[in-house]
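S.K.: Keeping the supplied structure of chain A fixed, place chain B upon it in accordance with the hints.
Quick note, the sequences are listed as chains A and B, same order. Quick note on numbering: my numbering labels position 151 of the first sequence as 151, and the sequence is numbered without any gaps. Take any residue in the second sequence, count from 1 to its spot, add 267: that is its number in my numbering.
You may find that some hints are simply not true.
In the EDC-like style, the derived pairs of lysine to aspartate or glutamate whose C-alpha atoms are separated by at most 20 Å in a straight line are [what the hints assert, rightly or not]: (1) Lys471(B) to Asp438(B); (2) Lys671(B) to Asp188(A); (3) Lys360(B) to Glu337(B); (4) Lys907(B) to Glu860(B); (5) Lys890(B) to Glu337(B); (6) Lys671(B) to Asp213(A); (7) Lys671(B) to Asp128(A); (8) Lys671(B) to Asp201(A).
Derived by calculation from the structure, the hints in this document are not laboratory data. Given the structure is predicted, the values throughout are model-derived calculations rather than measurements.
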Amino acid sequence: MLRWNAVLVSFFMTAAGLQAGEPLFVPHGAASMGMAFAVTATPGHWSCFNNQALLTAAPSTSFSAALENRFMVPGLSSKAVSAVIAVIPAPLGIVATHYGNADYYRLFTGVGSAVKVTDGIALGLQVDCITEHGAGEYRDITHVTFETGMTCDLSPSLSLGMHLFNPLTPLNGLPSSIDAALHWRQSDDFMLAIGSSKATDEPLSVRCGLSWDVLDRLVLRSGYMSSPSAFAFGIGFRMATLQADAGFLMNSMTGVTSSLSFIWTLR
Amino acid sequence: MKRLVILRAALVLWCMALIQGCLLCQEVITGFSESVEDILALTDEYDPASLLEGLSELKEYPVRINGGDEKEISRLFFLTEFQVMVLAAHVRKNGSVVTLYELALLPAFDRNTVMLMAPYISLESPGEAGGKGYGRTTVTLTSSARFSGEDNDTEGVRSLFKVRHERERIDFGLTAENDPGERFTFRSAPGTDFLSGYLGFRGKKIIDRVIVGDYALRFGEGVALNSSRWMGSWLSSPSFMSGRSAAMPYTSSEENDFFRGICIAIGDVNSGVLLFGSSNMIDARPLYDEDNTFTAVSNLVRGGVHVTESQMAARNSLTETVAGLRLTTGADRIRGGVTAMSTWFSQPFLPDRSKTENIHAFEGDRLLNLSADCRAGTGPILLFAEAALSLPGSWAATTGLRAKPSGRVTFNLLARHFSPDYHAFHAGAYKAGSGSDNETGMTASLHLEAARHLFVTAAADHYRIPGPRYRSASSSYGSRIEIKGEYLPRDDISLRLSFTSSSREYDAASETGIASSVIHARQQVGFVLNYAPAAGVRLTTRASVSAITPSVERGYLLCQDLSYSFHRVPLRLWFRYLLCSTGGWDSRLYAWENDLLSSFSVPALYGETTRLFLMLSWKPAEKIEARVKYAFTDSRNGLKQEVKGQVRIVF
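Here chain A stands alone, though its shape is the one from the complex (with noise of 0.2 Å):
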């Protein structure tokens, strides 16, 4: 047990070193802004795409849709749409989002996939394609990469996650990140999550965030994460098949950054 502790606390240090770079996939979902993004190892339909190795938890076929509202600014606002398809054995992600204004806009588009190649371990891939479309006399560019991602059950309560978002940096020139989280389920009403994130020339941002079903419908969330320094909060609200989160970031430099979602889970 103690080497397997060494081994975790090793690979934390290690996946903090790591140079990677601002992820293009600007992250979505409600109930994922609302524990500060530390839910790359937290099932859920938008944790999907912040490690897609997530997949082989979603239980259902769900469908979404997203708001985010940067620092509460139009012109900076994203949306997205997505899916999860529920098939056994390799489940399927689709994602889009749209992010800028009619000038000057990202569209980001990607298909992922995860099998679960022991009991407590799986593997998830995802091909992206980023398009980014200038104004006036920039030409429009496309880029094809890929994220990868990886959960580990290190106890009936603990679980590991760990995702790299474009590998390619030498290639594409496009910034890479890494992400590790853990996350704990203490109770089956309350769940802890902490991690790290290390983007290309960006610091190292520690994050942690935790969840709790105060009644049967209603979920409270909170976070904290280290860089940008900001407070997380949200709420969730769910009523048969139908799930709406709203989340926040709060950071006292930069003002509040809001988002909104709805999941739709086919039973």
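M.R.: Showing chain B alone in chain A's frame:
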């Protein structure tokens, strides 16, 4: 023979239980002292004196919780109304509390709160408590002196005399103090430089409490009124909620932040009225006109030392007259109150507006404060809020929650806004900076029992200072992060590791023009190992490292403590040897010291410093204790020596 064996076994078991109890108390004090060290490292503005005096008093008179009396339990001033109510109801319903661990399972309580309470409570049943008939009187006489080769204001003898008598219905007390360099004289003074006293009455019917003399008030979250603050900016405190709203006799030796007059509490815990009036002379910096006539004051003066000419001029130069009332009402799950307070000053405030930090300072001689507060919930979630208005001035509000999603997790959250021109002279709400104004921020903390014997606390605070203040000519930002881990494998050993990081935006030094800003950051790592290798012996090893940017200063501290209780004579010994090396004042480090009763010592250590102290406690009888302490600090500034003596008698 068999009876003798049983007797010996019982004696050994009893001693073991006693030792474990003592160890637990030691442990708690160590944990708390580290928090004070951390606070002092992060801000010079926090003054733990009143808090520590309050805790010392509780240590002398532990709260007997097994009586189930809400008034008695509410002496634990850091507990909220709900916690007092829950604990009292638990005792009344289920009988006496047998172990501390039982308390941690109660709703609204957690391990951290119980560990904070532990040294200050007694589990003896009400019938065992003695001294009820004639009450209990405590007399404490303390004297301390400092010597060094240089002439400075801190040298001289400090004398402190305290008397306190408490009976079932009546209590009274007297505090007299002379700081180093202050003379004992009856010329414009009552003998000593500071004299404070009170007479209190506890009623059983409509009138709940009457205090004549010096008293302190704490209402709501302290946005409008809290002259008895307890937590300062303690980031990893068990809760961000202020303690129970209360009127308390004033027993501290802090010379300015209290009321002098009368307060009357009518009603009970759920609903009532509190009326108060005060006229107190406090220290302020006087301003004179061309005829050398005293016409106004520029600002209040804290510290209470009156040695130099300017300190003497400020002494008691302003009379603050206060009248107010508070109405409270509530039920089991929600309660609230409104407070109105009017203040008149004998001279108007006339701040120096040419200094940017004074742009929003209070001006005039009258102030009206209004506030409303409420607390709601029991069990896993407690909500609290207070909003206040000052006339002249603006508004302030604070709100937060304390949640306990599971038995092993406690989560605290607090949001606050204090307008730059909000004024309250006796406020004491939770905020990063001192004063009652000019801050908007958010604080969160998480207390987690991560595994058996392993406790983790993580907390973060981000705040913005919207108006100019000292060293910041425009709005500025600040943040604090604190992570602590405690490993307590056995009762006789504990390991603590802590990391704190703080940053503040200040004006960059520039000769001309508008100053740009620079972020000053401080990071500190601390390690404490506390263990008891044998009965009566306790060793504490600590190491701290600090790093400052952008000045790239570094500092470290190594310290070894020993305490030993002699078996055959009623003596106890404390010894410390400490080495410290820092690049300058910014990277200074603090180390809590055991000190005289009702006293504390947390010296700031910087440069190349060696410090040593030896303290001896002699307790010839249960009711008498004498302490002597000798300390020296050797640094590049020379050798400084300190001698302290104290006698305390309880009868």
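S.K.: Hints first: check each against the structure and report whether it holds.
M.R.: Hint check results:
For the given pair, Lys471(B) sits about 15 Å from Asp438(B) by alpha-carbon distance, which is consistent with the 20 Å threshold. A C-alpha spacing of about 14 Å is found between Lys671(B) and Asp188(A), which places the hinted pair at or below 20 Å, so the restraint holds. With a CA separation close to 14 Å, the supplied pair Lys360(B) and Glu337(B) stays within the 20 Å bound. Taking the CA atoms of Lys907(B) and Glu860(B), the gap is about 16 Å. The hint holds against a cut of 20 Å.
Between Lys890(B) and Glu337(B) the alpha-carbon distance is near 27 Å, which puts this suggested pair outside the 20 Å criterion. As the CA atoms of Lys671(B) and Asp213(A) are separated by approximately 12 Å, the hinted pair is consistent with the 20 Å bound. Among the hinted pairs, Lys671(B) with Asp128(A) is inconsistent with the structure: their alpha-carbon atoms are about 42 Å apart, more than 20 Å. For the suggested pair Lys671(B) and Asp201(A), the alpha carbons sit about 39 Å apart, so the restraint of at most 20 Å is broken.
Against the hints set out earlier in the document, violations occur for numbers 5, 7 and 8.
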